[in-house]
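Asker: From first to last, the protein sequence lines stand for chains A and B.
Quick note, the first sequence lines up with residues 0 to 397 if you use numbering that gives the first Met the number 0.
Quick note, the second sequence lines up with residues 0 to 217 if you use numbering that gives the first Met the number 0.
These aren't lab readings, by the way, just hints derived from the structure by calculation.
Treat the hints with care, as some may be off.
[Unchecked claim] Listing some non-contacts, in silico: residues in chain A with all C-beta distances to chain B over 12 Å: (1) Ala54; (2) Ser68; (3) Leu109; (4) Thr125.
[What the hints assert, rightly or not] Derived lysine-lysine pairs resembling DSS-like cross-links, with alpha carbons at most 30 Å apart: (5) Lys25/B to Lys1/A; (6) Lys189/B to Lys124/A; (7) Lys152/B to Lys166/B; (8) Lys266/A to Lys197/A; (9) Lys25/B to Lys374/A; (10) Lys20/A to Lys43/A; (11) Lys1/A to Lys365/A; (12) Lys277/A to Lys124/A; (13) Lys170/B to Lys185/B; (14) Lys287/A to Lys25/B; (15) Lys277/A to Lys365/A; (16) Lys277/A to Lys287/A; (17) Lys213/B to Lys152/B; (18) Lys213/B to Lys170/B; (19) Lys25/B to Lys382/A; (20) Lys382/A to Lys134/B; (21) Lys213/B to Lys134/B; (22) Lys166/B to Lys134/B.
[Said to hold, decoys possible] Quick partial rundown of chain A residues pointing at chain B, CB under 8 Å, derived from the structure: (23) Asp308; (24) Glu310; (25) Glu312; (26) Ala313; (27) Leu316; (28) Tyr349; (29) His353; (30) Met386; (31) Val389.
Cβ coordinates follow ideal geometry from the N, Cα and C atoms, glycine included.
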Amino acid sequence: MKSVYLDHAATTPLDPRVLKKMQPYFSDIFANPSSFHSPGLRAKEAVDEARKSIAVQLNAHADELVFCSGGTESDNLAILGTIRANRAKVKHVVTTAVEHHAVLEPLRHLERTGEIELTVLPVDKTGMVSVDDFETALRPETVLASVMYANNEIGTIQPIADIGRAILKWRKANKTPFPYFHSDACQAAGALALDVEKLHVDLFSLNGSKIYGPKGIGLLFVRRGVGIEPLVRGGGQERGLRSGTENVPGIVGLAAALEIAQAEKEKENARLTQLRDKLVEGFIKIPKTRLNGHPTERLPNNVNVSFMDIEGEAAVLYLDAQGIYCSTGSACASSSLDPSHVILATGVSYEAAHGSLRFTLGRSTKPADIDYVLKTIPGIVQKLRHMSPVNLDMRYFA
Amino acid sequence: MPSNPNIGDIVSRSGGQSWFYSDTVKDHFFNPRNFMRDESEYRDAAMGMVGSPACGDAMKVWISVDPITERITDCKWKTFGCGSAIASTSMMSVMVTENGGMTLEAARKLRPQDILARLGGLPARKIHCSVLGDKALRAAINDWYRRNGQPEKIEEEQGRVIDPETKVTDKDIEHAVLDGADTLEKIQAKLKVGVGHPECLPEVEQLIRFYREKYFGA
Numbered sequence: 000m001k002s003v004y005l006d007h008a009a010t011t012p013l014d015p016r017v018l019k020k021m022q023p024y025f026s027d028i029f030a031n032p033s034s035f036h037s038p039g040l041r042a043k044e045a046v047d048e049a050r051k052s053i054a055v056q057l058n059a060h061a062d063e064l065v066f067c068s069g070g071t072e073s074d075n076l077a078i079l080g081t082i083r084a085n086r087a088k089v090k091h092v093v094t095t096a097v098e099h100h101a102v103l104e105p106l107r108h109l110e111r112t113g114e115i116e117l118t119v120l121p122v123d124k125t126g127m128v129s130v131d132d133f134e135t136a137l138r139p140e141t142v143l144a145s146v147m148y149a150n151n152e153i154g155t156i157q158p159i160a161d162i163g164r165a166i167l168k169w170r171k172a173n174k175t176p177f178p179y180f181h182s183d184a185c186q187a188a189g190a191l192a193l194d195v196e197k198l199h200v201d202l203f204s205l206n207g208s209k210i211y212g213p214k215g216i217g218l219l220f221v222r223r224g225v226g227i228e229p230l231v232r233g234g235g236q237e238r239g240l241r242s243g244t245e246n247v248p249g250i251v252g253l254a255a256a257l258e259i260a261q262a263e264k265e266k267e268n269a270r271l272t273q274l275r276d277k278l279v280e281g282f283i284k285i286p287k288t289r290l291n292g293h294p295t296e297r298l299p300n301n302v303n304v305s306f307m308d309i310e311g312e313a314a315v316l317y318l319d320a321q322g323i324y325c326s327t328g329s330a331c332a333s334s335s336l337d338p339s340h341v342i343l344a345t346g347v348s349y350e351a352a353h354g355s356l357r358f359t360l361g362r363s364t365k366p367a368d369i370d371y372v373l374k375t376i377p378g379i380v381q382k383l384r385h386m387s388p389v390n391l392d393m394r395y396f397a
Numbered sequence: 000m001p002s003n004p005n006i007g008d009i010v011s012r013s014g015g016q017s018w019f020y021s022d023t024v025k026d027h028f029f030n031p032r033n034f035m036r037d038e039s040e041y042r043d044a045a046m047g048m049v050g051s052p053a054c055g056d057a058m059k060v061w062i063s064v065d066p067i068t069e070r071i072t073d074c075k076w077k078t079f080g081c082g083s084a085i086a087s088t089s090m091m092s093v094m095v096t097e098n099g100g101m102t103l104e105a106a107r108k109l110r111p112q113d114i115l116a117r118l119g120g121l122p123a124r125k126i127h128c129s130v131l132g133d134k135a136l137r138a139a140i141n142d143w144y145r146r147n148g149q150p151e152k153i154e155e156e157q158g159r160v161i162d163p164e165t166k167v168t169d170k171d172i173e174h175a176v177l178d179g180a181d182t183l184e185k186i187q188a189k190l191k192v193g194v195g196h197p198e199c200l201p202e203v204e205q206l207i208r209f210y211r212e213k214y215f216g217a
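Next comes chain A alone, as it looks inside the complex (with noise of 0.2 Å):
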C-alpha cells in the first residue's frame, strides 16, 4: 500500500546527513564535555562548534544559546526563568490565544498560583495577532511577551518583527527594559528567516525534531543582558542556565539539522508552497469545505481544513486505512470534548472545528502523493457524509 506521511508539524524523520554527523558521538566520542581530559575535550569542542554555527543561524552570540530537552522546556525556561528572576511586585504577560500548549500552560499555571496577571490577544478569522492590540495590552508591570513565530496547527505567520518593533519603541518611551520578548519558533525554524536582530526577540525557542533533526534536542536564545533563572539546577552546564550532561550527540544533530533547513529553505519552501497550494486547492473543490488559517501568510507545508458535516476523527481513521496519515485537532479522544483551541480562537464554529484536519507537507512530499491524497479523499468524506445525520447550512458558517 501507498504510504503517504503529510504529519510533519507532529515531528520530520531524521535527515540521513544529520544523522551522520551524530553517528561519531554516541560511542566514539563519547566523553563528558567537562571532563578535564582529550577525550573529553573532542566532546567540548563538538558542541562549542556546533553553538557557533547556531549562533550564526540565528544572528547572536555563541553565549546567548542554552541548549535543553526541546521546545517544551525551552518555551517553559522562557517563561518561569524569566518571570522568577523578576522580583517586581505586579507582573503582568501579553501572550495570544493560539500559542502552544508549552507556552499556554505555564503561563495559566503562574496566573492560578498568583505569580502573574495574563492577557490573552485575540486573534482574527486568519489566526493573526494585530499589532495594535498587542500596542494596547502593554502596560508599565509588563514583564514578557510571547508570540509564537508560526502556529503548528494553521500555519500562521505572526508579524513578530513589527510586534518587536513595537516593543523596542514602548521600551524606549517609557525608559525600561521590559517586556522582554519571547517567541517559539519550533514550526518556523525549517522554513523562515531565524535572525534575532530582525525579529527584535529577546528569548527564542527552538528544536530539532520540527526540522529533520533529533529528538529530545532543543535550544533558548537569550539575549545578552536578560534576566532569567535556571529550571534545572546541578552541575551548573549551559553557564548554569541548564544544568546536566550536554547531550553531544543531540547538539551536534540540531546545529547540522539547523544548516541544513536554512541552506535549503527557499528552494524547499517554492516547491512545498507549490504543492500546498495544489492540496487546498483539490480540497476547497470538495463542497462544504473550508480553509483554515491565513490564505498566504501560512507555513508553506500546512494545509488546515474542516469538511463540514463529518467528525475529524473518523476521516483520519479512513485515510490511515489508505496509507495516509495526517492529524485532527478535534478532542474526540481527549477527555475533554472541547476541539482545538486554536481553531475555536479563529472565530470557526464548534462544528467547524470538530471536523478540521490538518496535513503538513515535507521535504519526502511528491507531486504524486498529492494526487494521490486528492483521488482519495473526495470517496471517504461522501461516504462520512452520507453516515452522518448533520447537514449544515453554510449560510451560517461562512
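Chain B: place on chain A using the hints.
Answerer: Okay, now just chain B, sitting in the frame of chain A:
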C-alpha cells in the same frame, strides 16, 4: 496537574497500539451495518435523535416494529462522530435486529456496556462516544409508542434528583463521568452540583466512584 492529558501538539490517534480499536470496532467502523441510505423510505418510521455536531457527536436512529409482537424488524442510523461512535451505533443496530429482533421492552434495557462488550471494549477515553446510541434508540422507541397510540408507554429519560437546587440527577453525573469528569472538582465545574446545597456532596462523590468503577474499572 495538566487540565488535559493530551495537550501538546495535535493529538495522535494511534495511541501507540497496532490499531486504536479492537478488530470488531474496526470492522464496524469500516463496514458499518444498517446505516441509513435513503431517508425518504423511512418517513413514517419511528425516529430518535440525540447530541449535536457542536458537541462532537450526533446520532439519529430509525426503527420499524412489528405491531403484533412489538419486535424491532429494522433499525437504521446515521452518526456524526469518531470511529467509536460510528462502530457502536452500527453494533447496536445489529443487536436489536438479530435473532428475530428484540422486543421494545428488551431494547429499552439495552445499556452502553452491553454494546461495549460486543465490540470487545473501547479505550477508556472513548467510552463516552458509545453512550448516545442507546439513548437515540430509546427516543425512537418512545416515538414508536407515540405514533402507535400507546402514549402511556412513553418513558422519558430521567434520573433521581441528587441536588434539589440545580436539579442535577444521577444520570447527569453518570454522563459527566463518561465525559471524563472523574473528580468532584471536575463534576462541579461541569454541573455546578452541590454549590448551593453542599449536603448532597457525599452522595455525589459516591456516585462518581460508582460510575468510575462501572465504566473505567478504577
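Asker: Report the numbers of all earlier hints that the structure fails to satisfy, in ascending order.
Answerer: none
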